[in-house]
Amino acid sequence: MMARYQLSATVTARPQVTGDIVRLALLAPAVSQAATPGQFVMVRSAVALDPLLRRPFSVCRVNGDGTLEILVKVIGQGTRGLAALKVGDQVDLLGPLGHGFVMPDQGRACLVGGGIGAAPLLFLAQKLGERLPASDIQVLLGARTGAEAMALALPFRDLGLPVQLATDDGTAGHHGLVGELLAALTSGAFPTQVYACGPHPMLAAVARISTDRGWPCQVSTEAIMACGLGACLGCAVPRNGGRGYLHVCKQGPVFEAGELQW
Amino acid sequence: MMARYQLSATVTARPQVTGDIVRLALLAPAVSQAATPGQFVMVRSAVALDPLLRRPFSVCRVNGDGTLEILVKVIGQGTRGLAALKVGDQVDLLGPLGHGFVMPDQGRACLVGGGIGAAPLLFLAQKLGERLPASDIQVLLGARTGAEAMALALPFRDLGLPVQLATDDGTAGHHGLVGELLAALTSGAFPTQVYACGPHPMLAAVARISTDRGWPCQVSTEAIMACGLGACLGCAVPRNGGRGYLHVCKQGPVFEAGELQW
Amino acid sequence: MVSMVSHDLDLRVSLAGLTLKNPVMAASGTFGYGKEFADFVPPEALGAVVVKGISLAARPGNPPPRIVETACGMLNAIGLENEGVDGFLSRKLPFLRERGATVVVNILGDCVEDYAALAARLAAAAGIAALEVNISCPNVRHGGVAFGTDPTMAAEVTRAVKAASSLPVIVKLSPNVTDIAAMARAVEAAGADAISLINTLLGMAIDANTRQPRLANVVGGLSGPAIKPVALRMVWQAARAVAIPVIGIGGIATAADAVEFLLAGATAVQVGTANFVNPSATLDIITGLSAYLATHQIATVRELIGALQL
Amino acid sequence: MVSMVSHDLDLRVSLAGLTLKNPVMAASGTFGYGKEFADFVPPEALGAVVVKGISLAARPGNPPPRIVETACGMLNAIGLENEGVDGFLSRKLPFLRERGATVVVNILGDCVEDYAALAARLAAAAGIAALEVNISCPNVRHGGVAFGTDPTMAAEVTRAVKAASSLPVIVKLSPNVTDIAAMARAVEAAGADAISLINTLLGMAIDANTRQPRLANVVGGLSGPAIKPVALRMVWQAARAVAIPVIGIGGIATAADAVEFLLAGATAVQVGTANFVNPSATLDIITGLSAYLATHQIATVRELIGALQL
Ligand SMILES: Cc1cc2nc3c(=O)[nH]c(=O)nc-3n(C[C@H](O)[C@H](O)[C@H](O)COP(=O)(O)OP(=O)(O)OC[C@H]3O[C@@H](n4cnc5c(N)ncnc54)[C@H](O)[C@@H]3O)c2cc1C
Ligand SMILES: Cc1cc2nc3c(=O)[nH]c(=O)nc-3n(C[C@H](O)[C@H](O)[C@H](O)COP(=O)(O)OP(=O)(O)OC[C@H]3O[C@@H](n4cnc5c(N)ncnc54)[C@H](O)[C@@H]3O)c2cc1C
Ligand SMILES: Cc1cc2nc3c(=O)[nH]c(=O)nc-3n(C[C@H](O)[C@H](O)[C@H](O)COP(=O)(O)O)c2cc1C
Ligand SMILES: Cc1cc2nc3c(=O)[nH]c(=O)nc-3n(C[C@H](O)[C@H](O)[C@H](O)COP(=O)(O)O)c2cc1C
Ligand code: FES
Ligand code: FES
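Chains as they are written, first to last, in the numbering used here: chain A, 1 to 262; chain B, 1 to 262; chain C, 1 to 310; chain D, 1 to 310.
Keep in mind that the hints are not guaranteed to be accurate.
[Unchecked claim] List time: in silico DSS-like cross-link candidates among lysine-lysine, alpha-carbon distance up to 30 Å:
#: 1; chain 1: B; residue 1: K86; chain 2: A; residue 2: K86
#: 2; chain 1: B; residue 1: K250; chain 2: C; residue 2: K35
#: 3; chain 1: B; residue 1: K127; chain 2: B; residue 2: K73
#: 4; chain 1: A; residue 1: K73; chain 2: A; residue 2: K250
#: 5; chain 1: A; residue 1: K250; chain 2: D; residue 2: K35
[What the hints assert, rightly or not] Cβ-Cβ distance ranges computed for the label pairs, FRET-style:
#: 6; chain 1: D; residue 1: T295; chain 2: A; residue 2: L154; range: 53 to 59 Å
#: 7; chain 1: B; residue 1: H200; chain 2: C; residue 2: R12; range: 49 to 55 Å
#: 8; chain 1: C; residue 1: R12; chain 2: A; residue 2: G176; range: 42 to 48 Å
#: 9; chain 1: D; residue 1: A299; chain 2: A; residue 2: H200; range: 26 to 32 Å
Since the hints were derived computationally from the structure, they do not count as laboratory data.
Backbone N, C-alpha and C define an ideal beta-carbon position, used for all residues, glycine too.
Use the sequences and the hints to build the structure in full.
Structure representation (structure tokens):
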């Protein structure tokens, strides 16, 4: 088991990514150094007891200066509080947690992200880029609008990776689902490993397409969490074949698509 | 019944008064205009549900620019949160509430404050100054230390009022209790009305001294409050003579000393 | 796409023979007698105003401290301070009657006869829409606890109140019981026209530094958002146990909270502690309910009652 | 004037024939089997580690969602997922035994015989200090609710467990009852060496937008700071009703919270939901207790037990 830390981290930057997504850079050298792609951190900003529980966020980038970055999309009370943080504020950070992506040393990787699901894929792309030539890493991103898709794609493009977009409203890239981009890959571009993160229906589609074509597929999943440490058993997801449950915070968040019931 | 308001007020200034007291200036023209000395406001700063209830604070000054000021002494969670506010932050304000000081048009007033109890007396001094010559308004302030006493006395002195100090540690003024300053007044300086605010034992002493000498005495009291509107009946204090209870938020916070059981 | 409250939206609900203009009531003990909140809420705008509990004779209440804040909630041990039924009728009721508010009078007594006498007295007065029988307040040694935790005694009080008055009778249940469904069934069988729940959970707080209880009464009633999950569960259980309407109470602070209780089976809700946090809470919830209906394109709030999807 | 933890400060308490190095235990279901928290808390530093509830056979638990946050608390409906007693003994217990932790095993069954069989099985294993009998978990239809809300059945389980094993037996009470003192007396009479309380309050949450329950199991157990006032009241009532030691549980997150429970009559406390908020909560509370003793110049934590000033 890797070391995990609980510490107070300072917000060193908080650029707005889209209307409802901010990027938080958190100074936490130990966590930043220990994290691997697909792992997550649990964050709490309240001084009071409401909201009570930490909220989980994928590590989306680590920097040489000891910071790690997360993308926070505003959903409810917890994320609203985090998105309202200012540079210099402190958060309570727990991590790195969970089982991340397994990375190959060769082959072609295809990263498929839906909306905020792009977050862990960015860190993955960062690390894959150290192992594979950029031309062997494809990135497919789906988003609601072109503006959101462009904003999410930007850091991938900064890594020199080609990104294909799909948007719900057709204002950038393919007008439709990101799974359709995956399904449309031509034989020369077939991946030897698919990585996916996004809303459940998207993951289910990507898992089905990958299984149909015989492409190994790793998915990063979500569940409501309390402890993040494998203790509370709150974060259960059904195991494939009806044989009980897996726990997202410990056996996941990254699973082989075949391990889960879709 | 005077009009009462619930509104969102902006913090326009927050000077630190002493180590654990800050002054908050809140932009709330309607409340600022309606408030009379001895009245209070209830303030809430949390966006979350903890802490849940508003906290009561005496109006300590109103300004021509539509702001009112409160002094906040850090005691627990609620006051800690309020003291951490920054200029530009919003608070939810309810007020003005309660029954304030009754002010004379002639005679000699003596204002006796203990620590943070100076807060409502400042507003009182401001308004008394419009009715009485400064030489007929005496201010006696008690505090733990000289530094605290000086800080609390400053705005009274700015009004041109003479202030006598008593400190627990003897580092300014009389080494002892503020009640002793009252008891030591000489006949030429006898007040026709005593006004007091401070911790319960101090109020009890001031009430006893005043009663002994036949000086009318109004005290501003505290109780834990929920509604501030006379509805919950939480803020009860025993009525003199064992005949039930009075309610601080409605019949008070200012009472004739003789109304209360000491 | 929520526009202003549309006039087509129907917030009316029927309860114990009454038609309420909307399902949002102010809970007993948290709204005084309406006048205290009149700067913020016109009492006639509410489904009903449930007044502070009234007894036959005036009661002074408990010594202070009477309240203490807890995590997302508060404890109170007011001790049922009130002016007595005569004081209520002469000094409190007229304001609400003149405003045209729907008035529900919360009553409490030390014995069955007290409840019956109160009911008879109030039935003779004009301007009262219903009685709410408080058998659940945990603060007073006689009355409260005993009636509210025993189905037989609860039924007895219910029968006595029904017999003494022609007003609709709402029986307010205590949550401090093993089987809330049994309590609900008992008072239904005894003739209750509706039930309301929950009253406060019995709780306690201690000052670690002084080593003393934070309430002079030692124990008190827990209310506020902290208790909402327990209240919602009990409303759901009670609503499935009886055919009479259920009024949901406990930690309701927003329109979404109110919708949760309606979905669980409540016909109306009462707002208590939230009035202290936001004096306009009841009005805000009414507005929020209209917005909810508009957003979800539901014509009447009655469609929500018991509409939980299992 | 609080200096570092002085070696003169005595945090030891005695309980059910055990001497605990301090009164702070980790509560069942919130601390896994100790290993999950080992990066943050050496399990041997705690008064005891109460492990997740164990049944005879493995249980898969409830479908998700299993948890939902509520105001200052959370609901859980884990459904008692566990590997069964064999899995526990072979895969979970060794770590705690090797670390020298004081291990309390929380057990649960569907019938009296299950409890007896579990007790016998665990009594034969090395490294177990005591059993905690979970008669109170509200999540499972058989077992849980019925045993924990009926004094006769609770007594029966207690007797069976005592008869089947020589280990000290702690019976963990459910708060979902009218009369907690009666439950405490019933299990004391049946031979319990100590009682622990409270388990979770039965609660519910609904998503107003989807109209569905937020837990797949519909109802779940409420825990966290929200329930502290109820827990403290029940601990106080139970401690006055029985002579055996009481372990206080419910919303404890700070040393001050722990002191409140000790003052109310608890000999030790368990920390549950707070472990999720702050993985070091148990250690922080131990440190805070030492600081409290130093500040108040109290030589032993035992002086606090039941020292509420009425
Ligand atoms: C391993 C993991 C990694 C994640 N990575 C990111 C990320 O990089 N960026 C990001 O913006 N979000 C991420 N999330 C989702 C994020 O944790 C939730 O959006 C957040 O917890 C919602 O909190 P809230 O208080 O704003 O909403 P709440 O008010 O708590 O809930 C709003 C809604 O979201 C649901 N929800 C609550 N908590 C979770 C949760 N933990 N997972 C899924 N749904 C939940 C609730 O059921 C509810 O319907 C991740 C979740 C997991 C489990
Ligand atoms: C009419 C009135 C006017 C006041 N004016 C001022 C003022 O001008 N400046 C100022 O700093 N303070 C004033 N106070 C006191 C102030 O309201 C309390 O200090 C504050 O509510 C404490 O909140 P907290 O969350 O920090 O402490 P908590 O954590 O809530 O409590 C800490 C301690 O303070 C006690 N306490 C809590 N609330 C109150 C209360 N309302 N009154 C008395 N004791 C309480 C608690 O019992 C506890 O022992 C006034 C109180 C009243 C009733
Ligand atoms: C200060 C206070 C006083 C109360 N007085 C009464 C009362 O007189 N009669 C009664 O039936 N309930 C009384 N209650 C209970 C409330 O009506 C309500 O049932 C309870 O507070 C739960 O709702 P809430 O969480 O919205 O506050 C009182 C509650 C509070 C907080
Ligand atoms: C996720 C979770 C799982 C739990 N599992 C068990 C269990 O297996 N056995 C048991 O007796 N209590 C269980 N409990 C109850 C706790 O041990 C404790 O009694 C309760 O949570 C109240 O304490 P708290 O407010 O400190 O959490 C569980 C609680 C939670 C939150
Ligand atoms: S979040 Fe607690 S086990 Fe996964
Ligand atoms: S604070 Fe509610 S009546 Fe005074």
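Between the beta carbons of C/R12 and A/G176, is the distance compatible with 42 to 48 Å?
At 45 Å between Cβs, range holds.
- Query: Does A/K250 pair with D/K35 here, judged by a C-alpha cut-off of 30 Å?
  - Reply: 13 Å, holds
| query | Are the Cα atoms of B/K86 and A/K86 separated by 30 Å or less? | reply | Judged against 30 Å, a Cα distance of about 13 Å means the pair holds.
**Item:** D/T295 paired with A/L154, Cβ distance criterion 53 to 59 Å
**Value:** 54 Å, holds
task: Could you grab the alpha-carbon distance between B/K250 and C/K35 and see if it respects the 30 Å cut-off?
output: 13 Å, holds
Holds or violated: B/K127 to B/K73, with C-alpha atoms at most 30 Å apart:
23 Å, holds
Practice task
For B/H200 and C/R12, compare the CB-CB distance with the range 49 to 55 Å and indicate the outcome.
Solution key: Holds, since B/H200 and C/R12 (Cβ atoms, about 51 Å apart) stay within the stated range.
Next on the checklist: Would the hint linking A/K73 and A/K250 be met if the CA-CA limit is 30 Å?
Outcome noted: Distance of about 23 Å is within 30 Å: holds.
Query raised in the report: D/A299 and A/H200, beta-carbon distance inside 26 to 32 Å?
Result: At 58 Å between Cβs, range violated.
In summary, the one numbered hint that this structure violates is 9.
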